[in-house]
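Visitor: Going left to right, the sequence shown walks through residues -16 to -1, 1 to 159 as mature numbering (1 follows the signal peptide of the UniProt record, and there is no 0) numbers them.
Watch out, some of these pointers could steer you wrong.
What the hints assert, rightly or not - Below, simulated EDC-like cross-link-like pairs (lysine to aspartate or glutamate); rule was C-alpha separation at most 20 Å, straight line:
1) K141 - E129
2) K147 - E129
3) K147 - E132
4) K147 - D135
5) K141 - E24
6) K147 - D70
7) K141 - E59
8) K141 - D70
9) K141 - E26
10) K141 - D51
To be clear, the hints were calculated from the coordinates, so they are not data collected in a lab.
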Amino acid sequence: MRKIISILLISLLVVACEGDIGPPGPPGLDGVNILGNVYEIEADFTSNNGYSIISEFPNTVEVFESDVVMVYLLEEQVNDPTGPVDVWAQLPQTFYLNNGDEVVYNFNHTFFDANIFLDGNAALDLLPPEFTQNQVFRIAILPAEFAEAYDVSTYNKLNQALKQENIDLNLISLN
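Let the hints inform the model, and build the full structure from the sequences given.
Guide: Okay, here's the thing in structure tokens:
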């Protein structure tokens, strides 16, 4: 009886493994091509430029309409045992003046430039120079798939997400 059951099981396995190979399954999802680019600009906001800076994207960067553009303001540098560390704040950023007025750094963009501008209810021509002179901005251009998949609300979170995926941003020098 044992021999008959063994022979039936072996026969069943052989028959079950025979036959034509079926059609291939559906193709898998394509991987995300993540090539982010970052560059920095320094700008002065004056009445001559309407308190607005237009930064054209470098020619070496291909930007698509679906890409995500993020702009960060260099708020300060803090000391660290390894040296100074930049503190970046994502735009828009609102600052409240002692008199109750508001100043807002904001931006909009197309797929060929970013427009960074001052806004608010303050008299922009009366702002102290620390709001209008030598302002440093970091502009990050990210593929939409990456920006949708991760929290990129701060520059540190953006860097953490990139490190998690073993991706380096291409920091472009404009000099």
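Visitor: Determine for every hint whether it applies to the structure shown.
Guide: Here's how the hints hold up against the structure:
1. K141 - E129: This hinted pair holds, its Cα atoms lying about 16 Å apart.
2. K147 - E129: holds, 16 Å
3. K147 - E132: This hinted pair holds, its Cα atoms lying about 16 Å apart.
4. K147 - D135: With Cα atoms ~13 Å apart, K147 and D135 stay inside 20 Å; holds.
5. K141 - E24: Holds, at about 18 Å.
6. K147 - D70: Given pair K147, D70 holds - Cα atoms ~18 Å apart, limit 20 Å.
7. K141 - E59: With a Cα-Cα distance of about 16 Å, the restraint between K141 and E59 holds, given a limit of 20 Å.
8. K141 - D70: holds, 14 Å
9. K141 - E26: violated, 23 Å
10. K141 - D51: holds, 18 Å
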